[in-house]
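Engineer: Same order as they appear, the protein sequences are chains A and B.
Heads up: the first sequence begins at 1 in this note's numbering, then just goes up one per residue.
Heads up: the second sequence begins at 198 in this note's numbering, then just goes up one per residue.
There could be a bad hint or two in this list.
[To be verified] Lysine-lysine pairs mimicking DSS-like chemistry, simulated, CA-CA at most 27 Å apart:
#	chain 1	residue 1	chain 2	residue 2
1	B	K639	B	K614
2	B	K560	B	K415
3	B	K607	A	K149
4	B	K750	B	K607
5	B	K750	B	K728
6	A	K175	B	K713
7	A	K27	B	K728
8	A	K27	B	K321
9	B	K405	B	K415
10	B	K560	B	K748
11	B	K785	B	K748
12	B	K321	B	K415
[Unchecked claim] Residues of chain A placed beyond 12 Å of chain B at every Cβ, according to the derived structure:
#	residue
13	V17
14	S26
15	V59
16	R73
17	E74
18	I106
19	G120
20	G128
21	P131
22	L145
23	R181
24	M182
25	D184
26	A187
27	E191
These are calculated hints, taken from the structure and not from any lab test.
Quick reminder that beta carbons are idealized off the backbone N, C-alpha and C, glycines included.
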Amino acid sequence: MTEMKAVRSGNILLVGVGGQGTILASKVLSEGLLRVGCDVKMSEIHGMSQRGGSVTTHVRFGGSVYSPVICEREADILVAFEKVEAVRWLSYMRPGGTLVVNDHEIRPLSVLTGAAVYPGDILERLRGLVPDVRVVNAARIASDLGNVKAQNIVLLGALVRGMKLDDIDWRDVLKEIIPQRMYDLNARAFEAGQSSS
Amino acid sequence: MRRIMTGNEAIARGAWEAGCHVAVAYPGTPSSEILENMALYDEIDSEWSTNEKVALEIASGASIAGARALSAMKHVGLNVAADPFFTMSYIGANGGLVVVTADDPGLFSSQNEQDNRWYAFHAKTPMLEPSDSQECLDFVKDAFDLSERFDVPFLFRVTTRVCHSKTIVDLGERVERPLRSYERDPARRVMTPAAAKGRRYLMEEREKTLSDFSNDCKYNYIEWGSEREIGIISSGISYQYAREAIESLPQMAGRVSYLKLGFTYPLPDELIRSFADEIMRIYVVEENEPYIENFVKQLGIPCLGRDVLPAVDELGPGLVRRAILGIELPEGYSADISPPPRPPVLCPGCSHRGIFYAMSKYKDIVVSGDIGCYTLGAMPPLGVIDSVICMGAGVSSGIGLAKAFAKQPKDGAKVKKIFGVIGDSTFFHSGITGLIDAVVNKSDMALCILDNRVTAMTGHQQNPGVGLTLKGEKTVAVDLRELCVACGVRPENVRTADSYDMKDLEAALRDAYSAKEIFVIIATQPCALIKDVMRSRSGMYCEVDENRCVKCKICMKVGCPAISFSGSIEIERPMCNGCAICAQVCPKDAIVRVGESID
Chain A
1 MTEMKAVRSG NILLVGVGGQ GTILASKVLS EGLLRVGCDV KMSEIHGMSQ
51 RGGSVTTHVR FGGSVYSPVI CEREADILVA FEKVEAVRWL SYMRPGGTLV
101 VNDHEIRPLS VLTGAAVYPG DILERLRGLV PDVRVVNAAR IASDLGNVKA
151 QNIVLLGALV RGMKLDDIDW RDVLKEIIPQ RMYDLNARAF EAGQSSS
Chain B
198 MRRIMTGNEA IARGAWEAGC HVAVAYPGTP SSEILENMAL YDEIDSEWST
248 NEKVALEIAS GASIAGARAL SAMKHVGLNV AADPFFTMSY IGANGGLVVV
298 TADDPGLFSS QNEQDNRWYA FHAKTPMLEP SDSQECLDFV KDAFDLSERF
348 DVPFLFRVTT RVCHSKTIVD LGERVERPLR SYERDPARRV MTPAAAKGRR
398 YLMEEREKTL SDFSNDCKYN YIEWGSEREI GIISSGISYQ YAREAIESLP
448 QMAGRVSYLK LGFTYPLPDE LIRSFADEIM RIYVVEENEP YIENFVKQLG
498 IPCLGRDVLP AVDELGPGLV RRAILGIELP EGYSADISPP PRPPVLCPGC
548 SHRGIFYAMS KYKDIVVSGD IGCYTLGAMP PLGVIDSVIC MGAGVSSGIG
598 LAKAFAKQPK DGAKVKKIFG VIGDSTFFHS GITGLIDAVV NKSDMALCIL
648 DNRVTAMTGH QQNPGVGLTL KGEKTVAVDL RELCVACGVR PENVRTADSY
698 DMKDLEAALR DAYSAKEIFV IIATQPCALI KDVMRSRSGM YCEVDENRCV
748 KCKICMKVGC PAISFSGSIE IERPMCNGCA ICAQVCPKDA IVRVGESID
């Protein structure tokens, strides 16, 4: 039997760049929330995003959830897999919400060709605005663990800590979703993320 | 069993549970995963068809024979399939026939934002509109039954947010359905004018029956609130937005009444009247067109819809809350930083990059493009494509461009040549007919078929050139070169080229440019994201020889996201697959390819 301690609810917005693994992270997240008896809705926009475009995934949970999409100013936590994406989606955060941001830069083609400039000191400016900013160097943590691709699970760990969802058996969820040969790496990535912020 | 599923997965599951026999589609976002999931069920004969018209005709034939059949497509796909769609409404359904249209409010990955609910109205085809994954599963199951009961194909209308959102679903089991009996019946199925006219009268009768059903079915119902001041009429994802907008406010929860519509053609006139009789102020919450709103107003019932909600783009709970309750967004965080845009780009190693770069050297050409990854050839720094309309138009609109520019004054003509660009899958979809037209009517345009051995943009589906079916079985791979020759292009005017070989591409373009009759270039290299390609090229990459590089930045003009400049040219190794287009355009031979392919 699933024991409900309290009615949990929350709005989680994950943003990043095509190929960073936001969708897998949100899949693990929704599966875990489902296990503790929450109504869960998740919405993702893909399609052209595979070509290096912005990717967003909305995860909403609670007693009963209607819209799969989070309104502006209603994300309890914004998890930005890339710094500029944090800026792009900042208006979706609830005042007093938590910002988890990967200290990682992916420069869009407009910047590479010199048509636009990648903004400097993003993290400092975000810290000046948002009281609860948690910077995670997920790419480096994942690299140190052996594979940069696990940065999504590092960020998932930080998100779980930020949303106080640590009591869910995430290792078991990871075991179900992640291929067996990648499990150990991802379990370690998850723990590193949990203790990183 | 409970699962969390996308709407697309749930549609496939629902069709399987309903005993569906045949499922057909051409891929198109946001509908593609419906057939990908159908393919997981052995009991269903599922296939990628050449285009949506072919798909719907196959489904129609299967229905006529007594099978349960489903055809899925994106909204613009129904334009392609409109011809059989309209006439199947006359012929009706023997086995249940369900046509899924996946609309794209907000144009996340489409060339227009058409609202396909009008197709139901226009073709007199009943329509179901689910608002989450559970309804996708339940409604599609019922749609087969209803299609058989009312002898009519059903339009099943979903939108991007329904297709690509995951919500909780209770699953059932498959019920096997024997084929319904087939009797020859030309008066019903051979649509000569006389037979069609007979059916036409019957359709009007059917409309009345369906309207009665719509007024008294489980898909359309009222949820009364504690007050009668505000009432909301809504369908699909908009209903979820409306509920969220209101019910998440503690001071509003339980007060508003809803008329939830799931069966949206014909709309339920009596039910709407009985709702309106009780309610002081009615809002119609729907995305894009005022489809329900117009109907309500035709009944003489005042309501608010487009007056307070936008016609363009998706809705969301915030928009609905503001429209109905006048509640503005609270203050939020806003950084005084303008984030650089991040539009989709051709991937590193993309096989389309080289030919676009070579074409960018011609300043006196006009290029008609088509729908696919290569549409991105319009973007800077390549900036080659001048127009994109729809699938197939890369060829046919090119013929028109050539006809028009032929009328330029001979001295001082700015445009000297028309090129068309089309992908392999798209050429099979609807480019062939344009090419035959070009041959027969003596067009002198040049056509580039960018053959990347897969239907890439929608997520790597098989196409007729690949040699594999949807279920991964080996089959005939239709040869593009032979096909072009069979269309009447002279064999010497069909040039194959290696998409990674700039010299090859440049030579082909030179010949195409100077040709006086239709000329086809087939440029081939598989999509860099195909798993086998990624594996075999994983040891290959390009690097810059700092001693030779003069920082002229010509390599950056190919628009590869792996190449950047910050004091010196850098090529990001994990992104690079060693396509070496940059190395070939470098005037100083300062970029070298390292590594070999793994076979």
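Engineer: Of all the hints numbered above, which does this structure not satisfy? Sort the numbers upward.
Structural biologist: 2, 3, 4, 5, 6, 8, 13, 14, 15, 16, 17, 18, 19, 20 and 21
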